[in-house]
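Student: Make the full structure from the sequences, and use the hints.
2 protein chains.
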Amino acid sequence: MNKWYIENGSEGDIVISTRIRLARNIEEYPFPCRLTVAGKEKVCDEIKNAVLSDDSWGFSYTKMNQFTRTQAVSLAERHIISPEFASDRAGRALLLTDDEAISIMLCEEDHIRLQVMMSGLALKEAYSVADKVDNLIGSKFNYAYDDRIGYLTQCPTNLGTAMRASVMLHLPALTRCGQIGKLANTVSKLGLVIRGAFGEGSSPTGEIYQLSNQITLGISEEAALDNLQSITLQLIAQERAAAQKLIENVLEEDKVFRAMGILQNARVLSTDEFMELISLVRMGVSLKLIDMKLTKINELTVAVQPATINACEGKDLTARERDILRAEMVRKAF
Amino acid sequence: MNKWYIENGSEGDIVISTRIRLARNIEEYPFPCRLTVAGKEKVCDEIKNAVLSDDSWGFSYTKMNQFTRTQAVSLAERHIISPEFASDRAGRALLLTDDEAISIMLCEEDHIRLQVMMSGLALKEAYSVADKVDNLIGSKFNYAYDDRIGYLTQCPTNLGTAMRASVMLHLPALTRCGQIGKLANTVSKLGLVIRGAFGEGSSPTGEIYQLSNQITLGISEEAALDNLQSITLQLIAQERAAAQKLIENVLEEDKVFRAMGILQNARVLSTDEFMELISLVRMGVSLKLIDMKLTKINELTVAVQPATINACEGKDLTARERDILRAEMVRKAF
Chain D
38 MNKWYIENGS
48 EGDIVISTRI
58 RLARNIEEYP
68 FPCRLTVAGK
78 EKVCDEIKNA
88 VLSDDSWGFS
98 YTKMNQFTRT
108 QAVSLAERHI
118 ISPEFASDRA
128 GRALLLTDDE
138 AISIMLCEED
148 HIRLQVMMSG
158 LALKEAYSVA
168 DKVDNLIGSK
178 FNYAYDDRIG
188 YLTQCPTNLG
198 TAMRASVMLH
208 LPALTRCGQI
218 GKLANTVSKL
228 GLVIRGAFGE
238 GSSPTGEIYQ
248 LSNQITLGIS
258 EEAALDNLQS
268 ITLQLIAQER
278 AAAQKLIENV
288 LEEDKVFRAM
298 GILQNARVLS
308 TDEFMELISL
318 VRMGVSLKLI
328 DMKLTKINEL
338 TVAVQPATIN
348 ACEGKDLTAR
358 ERDILRAEMV
368 RKAF
Chain A
38 MNKWYIENGS
48 EGDIVISTRI
58 RLARNIEEYP
68 FPCRLTVAGK
78 EKVCDEIKNA
88 VLSDDSWGFS
98 YTKMNQFTRT
108 QAVSLAERHI
118 ISPEFASDRA
128 GRALLLTDDE
138 AISIMLCEED
148 HIRLQVMMSG
158 LALKEAYSVA
168 DKVDNLIGSK
178 FNYAYDDRIG
188 YLTQCPTNLG
198 TAMRASVMLH
208 LPALTRCGQI
218 GKLANTVSKL
228 GLVIRGAFGE
238 GSSPTGEIYQ
248 LSNQITLGIS
258 EEAALDNLQS
268 ITLQLIAQER
278 AAAQKLIENV
288 LEEDKVFRAM
298 GILQNARVLS
308 TDEFMELISL
318 VRMGVSLKLI
328 DMKLTKINEL
338 TVAVQPATIN
348 ACEGKDLTAR
358 ERDILRAEMV
368 RKAF
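Chains as they are written, first to last, in the numbering used here: chain D, 38 to 371; chain A, 38 to 371.
Hints may contain errors.
If chains are identical, the list can't say which one is meant, so a pair holds when it fits in one copy or spans any two.
[Unchecked claim] DSBU-like, lysine-lysine: derived pairs with alpha carbons at most 30 Å apart:
hint, residue 1, residue 2
1, Lys-325, Lys-40
2, Lys-177, Lys-40
3, Lys-177, Lys-325
4, Lys-226, Lys-161
5, Lys-226, Lys-369
6, Lys-333, Lys-282
7, Lys-369, Lys-330
Think of the hints as simulated: they come from the structure by calculation, not from any bench.
All figures in this text were calculated on a predicted structure; none of them were measured in a lab.
Tutor: Following this line, the structure appears as structure tokens:
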């Protein structure tokens, strides 16, 4: 089955993906941080039974300690689970659909962290899927919920809708024009936050940023999605204008084509260099300077991450071996 | 007519070209430095008449002040004339065959500086041609000659045979292994000198060196050529072995292919960067990593030099315009 990220998404030149994440807790259990490993396993088990009772979704269930560390990090590289969930796996479990679009982390910070990913800009569509899965689970349990403050979550910043909606944006031109700092300021006043691709505390690689709603309390899901949608559309317009202007400079055009030349020919390629170069190529594709499918870039970007290479090879390669293999994969893709 | 440098020469992967230069002076005139401009013009005229009397060689004659400065520098870039001859053109003239293989600078340091260039390693062949042209001119004039010290030249370092034989060597691997300093020491003990591509005082660009005989006095032309030939063959063997060893390192192989990728894709390319990258590509071709004709590389290397671009465009472009045009020429060639 095709993975979600190789589908062509709306505004796919700039919006790599959309993600909806809902946090839920079951009333009769303490938050995971207050549970023993056995207690967590019991919660995982109950939720598994509830979700797998409806086989129309095609979830498969895996206890996190059934994954090797490499496999777990690879899942984090693909944004299926959080980096924290990959590093501490005891008592935790994962429900995942075949196309990797819907994942449910069990006993992460909350009992349930339901996540739906779609390529391109698809906030409403992704929310609608998340809502349906949420309804399925909600029909089997009493969620921890308060009429005044909404869904109860371990971290108070999630109280209310407990929904985090985000879009992964590729903003090379705004980055190169030094506009990101200013943008971060502006969006924070509008209830949003912009940060690195791996969320809080992560630095942006490949000029990819995550834009997400900051506020979950006192706002409906619909209003939060509308707000994020409208600001995303504005950023897309700004990025496109900045890119058009940038590329008038032949030195910038030169960088785009050199990046392609290096990717097509390198024999050794680190992840960092790959991310830097593919960012330029992606901008070149967006500007129609380079004829290449964005979905191919998305697929490649996932495939060449370090743990994903190791997981695919079934062994832990050295960094140099990986850099050689990565260069080979990239040459084949181009 | 094809220029000499796009012919495929012997050992052409390492020996770019062979050059024989003979210095001659006419007995009845003082050295050029002692002549007025009118005096030089008279000498030029006499030699012209002598050379053009035999039209089997196909020389054409041009007074140096008929060339623009750009055209003259372009001739120097192609090693047809010396840089000094390009900068001070009054009273001087040039005899040149259509394929640019035989050139005669008139009233450079000496009355006659006859030069034969061939691609690859062709010392005997080039000398044989030079000797024939020398005999033609010598049959019409009395050369300044002394039985004891041979041909008289303005600079005492040329006394004797007044022959400078040289080969242009591409030595990327020996350069990268830091062997050139040691080599320079060794060859100097064997009566040879190794220096930059433009001779005395020039620095090597593109890892190209000129190896030439240092001694002209007390040695026959044949002995000097044999010596140069045998040391050239040794350097070729050393370079090939060093290149084979070097390329076992994947980081070096990576450099070769990246260089090709950049040349195939750059939109802005300076001469220095071109020389650096084409050197790597040439090594890649020698090692059969890259499938490309060396003659194409030779031709391109000549065509993209700054004054040669200007001369070809018929106007003085800015450096940036030239860098863009150079990148375009290189992309087309690859």
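Student: If any of the earlier hints don't hold here, list their numbers in rising order.
Tutor: 3 and 5
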